[in-house]
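Heads up: the sequence lines are chains A and B, in that order.
Residue 1 is where the first sequence starts when you use the working numbering, and the numbers rise one by one after that.
Residue 284 is where the second sequence starts when you use the working numbering, and the numbers rise one by one after that.
Fair warning: there could be bad hints in the mix.
What the hints assert, rightly or not - Part of the chain B face toward chain A, derived, beta carbon under 8 Å: (1) PHE434; (2) PRO477; (3) PRO532; (4) TYR533; (5) GLY534; (6) SER535; (7) ALA540.
Derived by calculation from the structure, the hints in this document are not laboratory data.
Ideal Cβ placement from N, Cα and C applies to all residues, glycine included.
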Amino acid sequence: MFPTPIEKTDAHWRMIYKIALPISLILWLIPLLAVMLTSIRSAGDLAAGNYWGWPRDFHLLENYTAIFENSPIGAYILNSFKVTIPTVIGAVGLSCLTGFAFGIYRFRGNLVLFFIFVAGNFVPFQILMVPVRDMTLNLGLYDTTAGLVLFHVAFQTGFCTLFMRNFIRALPFELIEAARVEGVSEWQIFTRVVMPLMRPAIAALSVLVFTFIWNDYFWATVLVQGKHALPVTAGLYSLNGQWLAAWHLVSAGSIVAALPPVIMFFLMQKHFIAGLTLGATKG
Amino acid sequence: MNRPAAMSGSTSFWQRHQRRIAPWFFLAPGAFMFAVYVILPIFQSMWISLYDWDGIGEKTFIGIANYVELFDDDAFYTSLKNNVIWLVLYMLAVPAGLFVALFLNQTVFGIRLVKSLFFFPFVLSQVVVGLVFAWFYDPSFGLLAQVFEAFGLKPIAVLADEDYVTYGIIAAGLWPQIAYCMILYLTGLNNISPEQIEAGRLDGAKGLRMLWHVVLPQLRPATFIAVVVTVIGALRSFDLVSIMTDGGPYGSSRVLAYYMYEQALSEYGFRMGYGAAIAVVLFAIMMVYITLFLVRMFSEERGAR
């Protein structure tokens, strides 16, 4: 193990480490802690200039009910779910199929096509912006969650395909050969042999795509305008303009907007990190 | 849509050629979506960049006039310069992430939770990160201002100052990016062969020498991915600029991604052709990195066969 395990060093170092660890953690998270604290302050506290001290009174319930009652943030969150969940299902589903095709079969153009998927995944969004917006307008899907979903599904399929293909490549190929000898059809090899083994990959991709799409801001501003379809990231930004200097509300709103992916992350941490660090170990 | 199973048995042609045709069935839906929404638009943007177009009316072909205009556009050069600053400074996330990972690669009580909390900023939306940091930088009551005052200095209005604004936004961007690099390195460190470390110790390697000669070579895959995602992150920087400054003051914090959006879709006008030309330039820069990535992946694939 590197660096040397702290319990093997002398008492002196162990002491320093034990003190340094919590201090560095607090420093690292200070921006976040400040937001949490502010989200339960009263307006009076902020007006009195108490931005960083301990709150004089706690307005946890008041602030959080206020944002739901006086702003469309509830609707924005619902919109985010309407965009995120179908995207996760669509992108993961499609990439199971493409990943299977690239991972199992040897055919002419396999690698070239696969590389196109990988490369497309890295392009700057701006090169897609004008044509995608135009196409969404022509389909009559501008300013709807469906328009966002279609684009997100297509784009995320690139990353998901890379992931699925590499995952399937790592499965023991003998399983597939054995099934073929038994006369199992290709479709059944996919559904009965490979799919059950892909569960961890599906879980990892689902949490990752969920987080990516939930946090998307660019496409939400390009493809949506009205509050009936606006996801919470873009919604929060517009609320920030309305709540000028009402930092207790902005903070409460930020926390509410951040909560779903945070919960997702803590519940499925192992899968999340496995997905994110794909390729960081082998090679 | 693709149910080869239903056909198997009924046609002998299908049975004989099943394995040749099946991959195309599996690929079709995903490839169709990807082609329509990602591959085709790239070429459409290149084509649109040769036109003068407001997004609604008629397109007028103007050849390379948009690119000629870019050549004399100060705002374009500011954005390009800022993109270079982003690229260079964003790279700090890689060594910083390594440093944090080394610091946290221990097995003391509660370390798992500490690691998750360090990773936390990455899970937040850039909108939230942007709002938090905008507030942090506020010259009248932000924490930064308070720290400055505590040292008897005059607070700087970071986001309103043409000289500091880009650095201020990059610092905000580094927060989640360091977390990302850290997690890549933690996973890498987890998979280092203990034998090699022991062998290094027996040879008397310690500290930095050990890190440089034994540990870093084994972390190369993690470093590669960290560099790739950081470059992409730097060139994609849009959210933070939009949230924290809208490109201001006086356009001094614009980056190409933001300037493109501003030209094509904001209140400054709907110049789709000109916006597309900016996007093409950004794409060309990104293409350098994409090519490097693919070349490396290709050599790995050949090694695997």
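Evaluated hints:
1. Proximity of PHE434(B) to chain A is violated relative to the hint, the smallest CB-CB distance being about 16 Å (cut-off 8 Å).
2. Hint status for PRO477(B) relative to chain A: holds, with the closest Cβ pair at about 6 Å, below 8 Å.
3. Because the beta carbon of PRO532(B) sits about 18 Å from the nearest beta carbon in chain A, more than 8 Å, this interface hint is broken.
4. At a threshold of 8 Å, the smallest CB-CB gap from TYR533(B) to chain A is about 20 Å, leaving the interface hint violated.
5. With 8 Å as the threshold, the beta carbon of GLY534(B) stays out of range of chain A, its nearest partner Cβ sitting at about 17 Å, so the hint is violated.
6. Violation of the interface hint for SER535(B) is found here, the shortest Cβ-Cβ separation to chain A being roughly 20 Å, above the 8 Å cut-off.
7. Annotation: interface hint on ALA540(B) holds; nearest CB of chain A at approximately 5 Å, less than 8 Å.
Violated hints, listed in ascending order, are 1, 3, 4, 5 and 6; each of the other numbered hints is respected by the structure.
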